[in-house]
Every structure is written in structure tokens, then in C-alpha cells.
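**Q** Below, each chain spelled out in residue letters.
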Amino acid sequence: MAGDLLGQTVDRVQFRVERGKVLELARATRATDPRHVDAGAATADGHPDSLATATHVVVAGHHRDQQAFVAALGLELRRIVVGSVSWSYERPLVVGDDLVGTRRVVGDETREGRRGTNRVVTLETDFVDATGAVAVRQREVLIERGTP
Amino acid sequence: MRDPVRAVLGTRPDPRTVGPVTQTDIVRFAGAGGDFNPLHHDPAFAATAGFDRPIAMGQFTAGLLAAWLTDWCGVEHLRAYTVRFLAPLLIGDTVVLSGEVVSLEQTTPGSALAGLELSASREGTPVAAGTATVLVSGP
Numbered sequence: 001m002a003g004d005l006l007g008q009t010v011d012r013v014q015f016r017v018e019r020g021k022v023l024e025l026a027r028a029t030r031a032t033d034p035r036h037v038d039a040g041a042a043t044a045d046g047h048p049d050s051l052a053t054a055t056h057v058v059v060a061g062h063h064r065d066q067q068a069f070v071a072a073l074g075l076e077l078r079r080i081v082v083g084s085v086s087w088s089y090e091r092p093l094v095v096g097d098d099l100v101g102t103r104r105v106v107g108d109e110t111r112e113g114r115r116g117t118n119r120v121v122t123l124e125t126d127f128v129d130a131t132g133a134v135a136v137r138q139r140e141v142l143i144e145r146g147t148p
Numbered sequence: 001m002r003d004p005v006r007a008v009l010g011t012r013p014d015p016r017t018v019g020p021v022t023q024t025d026i027v028r029f030a031g032a033g034g035d036f037n038p039l040h041h042d043p044a045f046a047a048t049a050g051f052d053r054p055i056a057m058g059q060f061t062a063g064l065l066a067a068w069l070t071d072w073c074g075v076e077h078l079r080a081y082t083v084r085f086l087a088p089l090l091i092g093d094t095v096v097l098s099g100e101v102v103s104l105e106q107t108t109p110g111s112a113l114a115g116l117e118l119s120a121s122r123e124g125t126p127v128a129a130g131t132a133t134v135l136v137s138g139p
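If you're matching them up, the sequences are chains G and P in order.
Mind the numbering: the first sequence is residues 1 to 148 in the working numbering, read in order.
Mind the numbering: the second sequence is residues 1 to 139 in the working numbering, read in order.
Same shape as in the complex, but just chain G:
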């Protein structure tokens, strides 16, 4: 029920920022900055390795069980739309970064929509690097559309 899940950890993922994934996401999002795909261009510019694209942490999807977390939240997949996503950055991610992302429920409420009562669930993920520092924080607002 709405509200009951507040503060709960939804899932935790652990992954390395991989060169191939950075390349795939740069191509898939039409990024043209050579520092995403050419380590030499990135290191010549003072970075430890190639720079990940701004929304790279979307790869957490590979490490998550979508069906499981949707079920855990009591949501119905075919009625979910993503309302918004936001990111805040402490530093750019680079190839070789080891990240742990812990996703928590930070909001769970119902709102009246045009097609009935919508449930709005807000999830926040801190992506922490090997030093224990948060590198990127992501917030997603999921909307479960109401049935008329």
C-alpha cells in the first residue's frame, strides 16, 4: 500500500564502468565527444580513462531484476510509466570505476489523474565508488497509471 515502503531498500547492484558499455551507450545516445570512446583523448585531457556518458548508470538495468522489484513494490508493469529522472554529479564516471548502487524508496503516494488514481513512487539510488564516496545520485519517479 502507498506509504508503507518508504525508506526501504529496493535493490543493490554492483558493477564496473566497462569500456564496451561506455562505447555502446555513447553510440546509442549519439554522443560525439571522442573522450567517451578514445581513452587517449580522455587521458590527454587529464582524465584517468575514457569518460562515461552522463546517464551511464542506466546500465544498472542489466544487474537488476525488473520483474522482482516491480512485484516487491506491488506495481503492475504494464501500467508503469517513468515520470521523470534526475541525476546529480559529484564527478564524471570513468572506465574502471567500481560502483555500488543502492536504491531506496523515498516517496510513495497516490494522486488523482485523468484516468483514475495514480500511484507515484520515487526511488533514489546512490552510486558509491571504491573510496566510499557518492559519485552520482539518481532519482526516478515511477507512475502507475490508474484504471478508470
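It is worth saying that the hints were derived from the structure and are not from the lab.
Glycine residues also receive a C-beta, built at the ideal position from the N, C-alpha and C atoms.
It is possible that part of the hints are untrue.
[Said to hold, decoys possible] Stretches of chain G that chain P covers, calculated by requiring three or more beta carbons in the stretch to come under 8 Å of a beta carbon on chain P:
(1) 40-50
(2) 62-74
(3) 84-97
(4) 126-136
[Unchecked claim] Computed spacing ranges between beta-carbons, pair by pair:
(5) G/Ala133 / P/Thr17: 13 to 23 Å
(6) G/Thr131 / P/Thr108: 33 to 43 Å
(7) P/Arg2 / G/Asp98: 19 to 29 Å
(8) P/Thr24 / G/Arg78: 20 to 30 Å
Chain G is already provided as a structure; the job is to place chain P on it using the hints.
**A** Chain P only, in chain G's frame:
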């Protein structure tokens, strides 16, 4: 380190046009990112959700808009980025990515945090709207 881009109030980086979006584009992003919700590749499932064809995931639009922005400002200078999804992006749509500097807050002499309003539009109608905070070179 690449210098922050120069920007003033009203600066509008050159817009970028992407499309028409194909099922292949969506599948490429799904494979890269790991979003295998069938809404984005299975027409029969999409139909049960009320769509006449698969729709792109919001993260695809967010990724396109972010890539356009950071190609201009440098990803290491991006401090915050938010995207709200307003309408589904469909196969066959052509999307125009654009934005404008709407605020500037000086941090140190010669540099500032710029606030941008961003848009991903289909035939003039926004499918996503966003905001970003970017470190720029200022007056």
C-alpha cells in the same frame, strides 16, 4: 581538463535532430542499458498497454538529450540534470534536442554555474523537458 564552455544568459547551443527513430535504435539502447521491458520491443505487449506500437524508453530520450548537452559543455562540467517525460516517443518520430541558458550564478571570477532549460520535441511538441546545471566560463 577541457575548459568550461563560454556561456551567457540566452546562449542556445546548436540544436540536434535525431530520427526518424527506428525499432533498431530502441533495441540498441535496450541492449546497451539493460532495459528489457517488452513495452519497448514487443508489439503485442505494447498493445496490451494501450500503444499501437512499441514506444521508446524515457531513458533513451534522456540519453539523447544528455549526450547533446554534454557534447557542448563537457560531461565533467555537468553538475545536475533532470528530465520529465511528457509524451511517448514513438517509432518513426524525429526529435529535436535544444536548450537555453536561463540563469547564471558566478562561482569564482571567470566561472559560473549555468542553469539551462532543455527540450526534446517532435514537430514542435515537447516529448520531454529538462533542466541542467553546468559549469561554464562566464564574464
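**Q** State for each hint whether it applies.
**A** Here is what the structure says about each hint:
Counting residues of the region 40-50 of chain G whose beta carbon lies closer than 8 Å to any beta carbon of chain P gives 3, which reaches the threshold of three, so the coverage claim holds. Proximity of the region 62-74 of chain G to chain P, defined as three or more residues with a beta carbon under 8 Å from a beta carbon of that chain, is established by the 4 residues found. Residues of the region 84-97 of chain G with a Cβ under 8 Å from some Cβ of chain P number 8, which satisfies the need for three, so the listed coverage holds. With a threshold of 8 Å between beta carbons, the proposed coverage of the region 126-136 of chain G by chain P is violated, since 0 of its residues qualify and at least three are required.
The given range of 13 to 23 Å is broken by alanine 133 of chain G and threonine 17 of chain P, whose C-beta atoms sit roughly 38 Å from each other. Between threonine 131 of chain G and threonine 108 of chain P the beta carbon distance is about 26 Å. The supplied range of 33 to 43 Å is therefore violated. Taken as a hint, the range 19 to 29 Å holds for the pair arginine 2 of chain P and aspartate 98 of chain G, whose Cβ atoms sit roughly 25 Å apart. Distance hint check: the CB atoms of threonine 24 of chain P and arginine 78 of chain G are about 24 Å apart, consistent with the given range 20 to 30 Å.
Of the hints listed earlier, those the structure fails to meet are numbers 4, 5 and 6, in rising order.
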